[in-house]
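S.K.: One letter stands for each residue in the lines below.
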Amino acid sequence: MAKPRVKALLEGVDNYVNTVATLVAFIHESTWDTKRGDKLADARYAIGRRMTTSAANRISPASTVTPDAVVQRSPAYGLVCEVKTNIAVPADGVIPKHRREDIRKQVLTYDDPLVGWFTRMGGVSRQDVVLICDINRAQVLKDLLDQLAQTDGLRSEVVIVATVRRSQVSESVFMMEFRGSVADHEWDAKLRRGITVGSDYTLASKLGQLRFCDAPPDSPLHTMLILWDHVFMLLLRDRMRGGPAGGLGIDIPVNVAELTKLVQSFYGCEAKDERDTAMPDEAWIRDALEMFVNIGKAEKTGSDTYSIHYCAIRRELAAYFATRIADWERKDRARVGHGHPKQTGMFDQPPDHKERRPL
Amino acid sequence: MGSLSEGPCRVSTTARTLSDFATIWESAQNLEQFAWMLRNVSIPRPLALYMCPLFQSGYVVSMPEVADVVRKAAAVQVKEGRMLAKLELTSHSLPPERKTGVVVVWPQPSGSVLLIGLCPTQVWYRQVMSRLAERSSPVAKPSLTQQAMWDLLSQLDARLSGMRLRVRATSSRRWIRTSSRRRGIAARVDWEDLSVEEAFHEAASERKWYNSIEVELLRKVSVGPDVPTGITSRVHRLGFVQAYTAFPELFSQLAPLMTSIARERYMSLTGRSRMTTPEHAPRPLLIKFDEPYFRDKKNNARLIAAASGTHGFGHAVIHANPHVHMLLTDYTDGSSYELFVLEESSVLVVPQIEASPSSLDRLLAGIAVRFAEGAVADAGNIDGKA
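Here the protein sequences come in this chain order: A and B.
Quick note on numbering: the working numbering labels position 57 of the first sequence as 57, and the sequence is numbered without any gaps.
Quick note on numbering: the working numbering labels position 135 of the second sequence as 135, and the sequence is numbered without any gaps.
Since the hints were derived computationally from the structure, they do not count as laboratory data.
These numbers come from a predicted model, not from an experiment.
Don't be surprised by glycine CBs; every beta carbon is placed ideally from N, CA and C.
Any given hint might turn out to be false.
Cross-link-like lysine to any residue pairs, in silico, SDA-like; alpha carbons within 25 Å at most [to be verified]:
1. K39/A / L286/B
2. K272/A / T260/A
3. K3/A / D378/B
4. K298/B / G12/A
5. K298/B / E11/A
6. K261/A / P278/B
7. K7/A / A320/B
8. K206/A / G271/B
9. K298/B / R314/A
10. K297/B / S170/A
11. K297/B / A319/A
12. K84/A / R58/A
13. K297/B / K84/A
14. K261/A / T277/B
15. K190/A / R36/A
16. K288/B / L207/A
17. K297/B / K272/A
18. K300/A / W328/A
19. K288/B / T196/A
20. K298/B / R315/A
21. K297/B / R333/A
22. K206/A / A320/B
23. K3/A / K298/B
24. K297/A / N255/A
25. K288/B / K261/A
26. K206/A / D378/B
27. K142/A / G122/A
Stretches of chain A that chain B covers, calculated by requiring three or more beta carbons in the stretch to come under 8 Å of a beta carbon on chain B [unchecked claim]:
28. 6-20
29. 94-100
30. 153-164
31. 200-211
Cβ pair distances, simulated, as ranges [unchecked claim]:
32. I176/B / R314/A: 25 to 31 Å
33. S265/A / E291/B: 37 to 43 Å
34. M267/B / S60/A: 52 to 58 Å
35. I250/A / G81/B: 30 to 36 Å
36. A204/B / I135/A: 41 to 47 Å
37. P322/B / I250/A: 36 to 42 Å
38. S110/B / R192/A: 58 to 64 Å
39. D42/A / I176/B: 54 to 60 Å
40. I135/A / R207/B: 38 to 44 Å
Based on the provided sequences and hints, a complete structural model is requested.
M.R.: So, in structure tokens, the structure goes:
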């Protein structure tokens, strides 16, 4: 039986992959033209796009906000999407007050004619807000939104799309409209009946290669696995012509900015204009590299450079890294608990990481 | 007592054969002549002749590159674009006659390369010839599917003049039901007396897949049963042929057939690295099995073990049940993959940033040998699905 922290770290990776896959499934579905069996000609989407609120915004007037995704089905109609797959709901079914307040603020922020769409003036004539959540959280979220509609009043249509992972004949994500209705009647009817998107699409298509969304992973483990399994060997490639022996126990110098760009181009998003957010954030990559340092798999060689002690690990990597992280966390807690704060290296920077926020 | 008197004698016989092999290589003008001269050389056990084609389109393995790979060679000779290396394994506590062998790298006009080795043991083959092929990446040493083995032997059978093939022994694997609910894979070796067609029809009916097939050449006679010649050859799934006699058809018929299959395999596996595809889009492969193996979720673990057990691979499991999502890294050349089980009877392999045909071939062969053989095909345009 895995230790609870190891188990939590592993589940965190799986949940994050599922969250991204759910977002991919919704983007796919909302940009799909059922009649033609192809992508909607005018559809555009972006993950983590910076949008500007109006001066009349009830929470953040005239400021920049970053929804998980925006989907523009046509030049006139846009959807602001937030993924809420992992809202923690206690056994009594009541969302804690502070979380309810977070959701309220978020919904009211997006309940506003945002600017930043892919149109000449940056606006759309109709904009709906879509909250994507697990089916077992849908009712709680619906109650909260209904209450919000009464107390604060909602100007946009706030739609809840409930999702569930199915594995009967084949793995798929099933999604259906649980509250509200989207503007396109035909699509609305389809979404109301429920739509199944195959996991082959959400995980193995071009868009399905996305492994990061706007929110950072719960722990650096997810990024560490991608780096170790898919990226570091790439930097080593030229040295590998000599054979496998060359790849064992070798130091790979990496630069945070270059590494981030590489990961963004294959597993995230690159910023195409000033409103786009590039993902993963440099801070997430730095987090992962710092954790490699903590578990003895890397050394910090400068403010933005690290040397990875790369070697062939034959054990199952996710559990191996999770165990090492859990051990380091335990020792770190003990050190802090005994009044010995964590030593800071000469290159350590003050924490400037993007604040982790719940999905 | 016998071993004391036979030891030095065997060493000298082995050494003489290796020396004859090198002399023939040096004096032969081309591969045909080499094959012709080699037919009279007796190959004493434990020596065996191994042959495998390497292929990459538009790229001929350069001699310095190969020489670099076999840099531990005791002696390397290069002549007219071909190479002979005599190597001795140093890390094994084997008797001397089991440590030394010779490997020849013979470039073909088509751009392929024929690797011919006179190997004292299978360990030597794996340590030297197989590693040479793997390290020469991006050159592919394609493995053979069941269908490819069938095609290869059927075509060889048809091309033999005055002779035919008889399947003498097979090494196979198949799924068995060990109790009412449990299933497992059983490996077995069978002595046979079948024609090529009969052997593969039997495999299909018994739902087994061959790892190797030993065939013997029979001389056709007008009256009475065909006469065994004693010339045998073993075709291995991992893409090489083993023989104890350098019969002419080994080079004149079997080598070009294997090269052609190698080329086909290479072409199906090439260009799948996301580094080279437009917009880094993935080009997944689908392994389709004829049975819904993954209805039984215990087989998820079997597949994970089969894929991660491929030589030189590391793995990370993101999800194991009910669906499988795992990451695979080939530490030998930097290729990496994501592997999914999303349906009851298929596995989706998504090559990542780097994915050499050689590495992809080893992964697919690893799954075929240790889990089950399925039909491998391009997964098609997943982005175009509704």
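S.K.: Could you tell me which of the hints above the structure violates, numbers in ascending order?
M.R.: 3, 13, 17, 21, 25, 27, 29 and 30
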